[in-house]
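> Take a look at the letters that make up each chain.
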Amino acid sequence: MTIEQLAFYVISATALLSALLVVSLKNFVRSIFLFFLTLFSMAGLFVFALADFVAVTQLVIYVGGVLVLMIFAFLLSNRELLNNPEASEQSGFLHYLPGITVSVVFLGVLLMVLLKLDPGEFQWIQQSKENTLKPTDNTIHYLGINIMTRYLLPFEVVSVLLLMALIGAAHLARKEKEQ
Amino acid sequence: MIPLAHFMLVSAILFCIGLYAVLAKKNAIMILIGIEFMLNAAILNFVAFSKHDKIALGGQVFALFAIVLAAATVAVTLAIILNVYKYYRTIDPTKIDQLRD
Chain Y
1 MTIEQLAFYV
11 ISATALLSAL
21 LVVSLKNFVR
31 SIFLFFLTLF
41 SMAGLFVFAL
51 ADFVAVTQLV
61 IYVGGVLVLM
71 IFAFLLSNRE
81 LLNNPEASEQ
91 SGFLHYLPGI
101 TVSVVFLGVL
111 LMVLLKLDPG
121 EFQWIQQSKE
131 NTLKPTDNTI
141 HYLGINIMTR
151 YLLPFEVVSV
161 LLLMALIGAA
171 HLARKEKEQ
Chain C
1 MIPLAHFMLV
11 SAILFCIGLY
21 AVLAKKNAIM
31 ILIGIEFMLN
41 AAILNFVAFS
51 KHDKIALGGQ
61 VFALFAIVLA
71 AATVAVTLAI
81 ILNVYKYYRT
91 IDPTKIDQLR
101 D
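Residue numbers (UniProt numbering), protein chains in the order written: chain Y, 1 to 179; chain C, 1 to 101.
Bound conformation, chain Y alone:
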């Protein structure tokens, strides 16, 4: 086992274990901080797929933006919001059973597809020998050229949508004057 594989499996185990803890912990603040750990290790996994720029974007936007937004929104707002509604009610194993069943069955379906599929044998992957990224390639160069030429229309659409989300979120979150 090379050191690359070892690092990959350690990081993916961190991501999956912390994700499992996020959904199973009762304390809401703890699960938000573990969510931080999951996003961080997902950025690590992106590096192993030779997508360094996407990994940095994940760190800047998710870890720096989304998470700070979540923490701010709920530590600065009402304290009762943080009280988990599940804690007050009776929450036996039976309550979680449907969710667990559906997600485990779905995981089984996905694994079965994955076993039958063998994605390394796809025709377009077999034919892409010289089109495959190497660890020494400069992905930012390719990304910049592609965003400005081939994917210019989605880029513009996303920028308009971001503006809409900005206005919408500001409008929704503002305090209304008492009439």
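By construction, these hints were calculated from the structure, which means they are not laboratory data. Hints are not guaranteed to be accurate.
20 Å max Cα-Cα, derived PhoX-like pairs, lysine-lysine [to be verified]: (1) LYS134/Y to LYS54/C; (2) LYS26/C to LYS95/C; (3) LYS54/C to LYS129/Y.
Computed from a predicted model, the values in this text were never measured in an experiment.
Given chain Y, put chain C in place with the hints provided.
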């Protein structure tokens, strides 16, 4: 060199964890976190497959777009959740079942 199937395995497990959070949690923020897990699993697949597409890099570009869209979604959703809390005094989605005032 890590085989594609391992990336897909990690992403499948993460997707199912997110699915569980969406189905079983009674807290709107935990449901939002579950959706973020599912989005991240999809982004991991995008990125893993784009390794074999150096010229167009479609996977990485759309992973970037998906990250940006997810960030915008979270901002709007948090604003909506705060408003819902102000109105109903709860963020349990099973208790919010009235459209009228």
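> List in ascending order the numbers of the hints, as given earlier, that are violated by the structure.
When the structure is compared with the hints, none of them turns out to be violated.
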